[in-house]
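Colleague: Chains A and B are the protein sequences, given in the same order. Numbering (our numbering) for the first sequence: 1094 to 1318. Numbering (our numbering) for the second sequence: 233 to 523.
Hint data in this document are derived by calculation from the structure and do not stem from the laboratory. Treat the hints loosely; a few may be bogus.
Taking lysine to aspartate or glutamate pairs in the EDC-like style, the calculated list, with each CA pair at most 16 Å apart, reads [to be verified]: (1) A:LYS1233 <-> B:GLU349; (2) B:LYS280 <-> A:GLU1162; (3) B:LYS390 <-> B:GLU349; (4) B:LYS306 <-> A:ASP1251; (5) B:LYS334 <-> B:GLU349; (6) B:LYS381 <-> B:GLU336; (7) B:LYS310 <-> B:GLU251; (8) A:LYS1193 <-> A:GLU1183; (9) B:LYS280 <-> A:ASP1251; (10) B:LYS310 <-> B:ASP292; (11) B:LYS390 <-> B:ASP347; (12) B:LYS388 <-> B:GLU336; (13) A:LYS1103 <-> A:GLU1162; (14) A:LYS1233 <-> B:GLU284.
Quick caveat, the model's predicted, so the values are computed rather than measured.
Residues per chain are reported as follows:
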Amino acid sequence: MIELTINGLKLSVEKGTTLLEAARFLGFPIPTLCHMDGLTPYGACRLCVVEIGEGARARLVSSCTYPAEDGLKIRTASSRVMKARKMILELLLASCPQSKTIQDLASAYEVRQQRFKQEYETCILCGLCVRMCEEQMMAKAIGFRGRGEHRSIGTPFDVQSDVCRLCGGCMYVCPACQLRCTYTEPEKAICGGCANLSPPCLEKEQFDDMMCYMKPCVACEIRKD
Amino acid sequence: MTTETISGVIGISVSGIIEKHAGDRGGLISILQEIQSRYGYLPAEALKTVAEQTGRSLVDIYGVATFYRSFSLKPRGKHLTSVCLGTACHVRGGAAVGEKFKRELGVAVGETTADREFTLETVNCLGACALGPIVVVDGHYFSNVSPVKVKEIVEKAKAGLDKVEIFRDQRIFAVEVGCPRCNHSLMDSDHPVDGYSSIRVTVSFGDEHGWLRLSCLYGSYTVESEFKIPPDAVLNFFCPHCHTELIGASSCPECQAPMVPMIVRGGGVVQICSRRGCKGHILDMGGSLPF
């Protein structure tokens, strides 16, 4: 067992536990965007930063990827941490202002303005959907492509992948995109139609063997009635 | 040819490349590099074949292929033109050179001309900043390029960059030689080769016996002869004045045929390989005769 101190509270955890898991066990709230139980930690969004160490050697680390160490002293809400988190949220707002998840987080952390050039992206490259597709759906239909500012997530050659089962898991986990699918061409797009009230699967019987991750699925509920 | 047969051909030849790197976990980039050097780009069919045969997912391979700038998923032209826009080249006017290339070729960066001759690309640094702005065409580096020189570079690339320009290439210079035995000059000003006086010797091969004129330009391999000499034939060289055989003690470093020595006016010895077509030669400016 490993002994560590979080915000002054002593805690012993098993080897391999991440700081995020330990802090959440004690009930300290740490916001995350790219973390999900059941998927490997990725450390992309940096929202889960915590401060470790003391004095001049104190530093910020992403708690979702940092394994617990014996005698570690962690502060989850120091002024330095809050300042960093606010800045990250401000940057996220600058790139993806339409995301409800990001808006809510920004509001909760009292980010009232953003001072950067406003963009309207639909992706924060957190990689949740990529890990969902690979680790939970065992499909590996989507992945990262390109590099630098050209980095994007999608299928190879931008055509529907042979291994994609249109499960919608990628849309379900996405913190940034809301209703990205195109209803007019259901055979080419991920459905996700349950999020509004006119899903295409009602009229077209194209999704019989689909694994649906939308709960509750409006279409299935209506079909039952 | 239908697309089906094209993809079939690609499938077959890609298999050989994949087998070569089989079992090598880090072999993906090598495989992609070989495919690219064979086709000039990475065809979609080839990537699918790589995915099937290596057991990797297509997404991973596509990710690698799009990550590195040297891989291209679009067919590229015969001549790949890279304009350096690194900091040093940019400061020295690399951007203007890039603009001029765009206008000269009529394409944007990353595009290929309609006749599939040129592909224009920009790179961020080639590591030769002191020579900037730099343009690389088919592996040939052009240094201190200004927009004025762009047209010339394009013309050169069209004519073929591997062709050596005899009068401008500094590696090529004229040598005057004489017979090592009688010291008589072998130069023949009446029958120039490459625009310079030729080196005239007598050669024999089998039953044939006749004159041979060599270019006196060091680095040029132009030869005129009285009778046709089959390639790879080893000849006997004679001085046309004293009729001694020109034969040295050493053999060619490339093909082991006997070397033919001649003394250079101004000091030194040049030795050429006696085998037709072999480019083996030794120039020793301070050396003495190898007898």
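Colleague: List in ascending order the numbers of the hints, as given earlier, that are violated by the structure.
Modeller: Numbers 1, 2, 7 and 10, in rising order.
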